[in-house]
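Put together the whole structure using the sequences plus the hints.
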Amino acid sequence: MRADKRPKTPPKMRAIVMPQFIEPQLATLVTDVPAGRSWLHEIKLDGYRIFCRIDNGKVSILTRKGQDWTDRFGAVVRAATDLPVRGAIIDGELVAVESYTGFGYRKAAR
Numbered sequence: 001m002r003a004d005k006r007p008k009t010p011p012k013m014r015a016i017v018m019p020q021f022i023e024p025q026l027a028t029l030v031t032d033v034p035a036g037r038s039w040l041h042e043i044k045l046d047g048y049r050i051f052c053r054i055d056n057g058k059v060s061i062l063t064r065k066g067q068d069w070t071d072r073f074g075a076v077v078r079a080a081t082d083l084p085v086r087g088a089i090i091d092g093e094l095v096a097v098e099s100y101t102g103f104g105y106r107k108a109a110r
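Here the sequence shown is numbered in my numbering, starting from 1 and rising by one per residue.
If you are wondering where the hints come from, they were derived from the structure by calculation, not from laboratory data. Virtual Cβ for every residue (Gly too), placed ideally from N, Cα, C. Keep in mind that a hint or two might mislead.
Cβ-Cβ distance ranges computed for the label pairs, FRET-style [to be verified]:
1) GLY87 to ARG37: 31 to 37 Å
2) GLY36 to THR63: 28 to 34 Å
3) GLY66 to ALA35: 32 to 38 Å
4) PRO84 to ARG37: 31 to 37 Å
Here it is in structure tokens:
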């Protein structure tokens, strides 16, 4: 391989401080659906808006107002611990669907 075709060594990564909390963007009520093909729409499911914060293997579950609910969602914490990342903030809706009723809080909390 010629010297000018060798892959470059990637630059060293800088350490960053993981933010403790990120203010969520909330839905805004509008009168019309946005026009155009570049919009993506999702089904509205009933659950809890949470942030899963992973920092060097430590997982925290935070509400959209920043309350720590880590102890309430052990199953989610265990699943997040298995993710192949050192750090992440995952913004999502925690939904447990059951065939006979709505939100399955007890299943998500196990």
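Mind checking the hinted window 32 to 38 Å against the Cβ distance between GLY66 and ALA35?
-> holds, 35 Å
Pairwise beta carbon distance, GLY36 to THR63, judged against the given window 28 to 34 Å = Distance hint for GLY36, THR63 holds at roughly 33 Å.
Does the hinted range 31 to 37 Å hold for GLY87 and ARG37 at CB?
-> holds, 35 Å
With 31 to 37 Å as the target window, see if PRO84 and ARG37 comply at their CB atoms.
-> holds, 34 Å
In terms of the numbered hints stated before, the structure departs from none.
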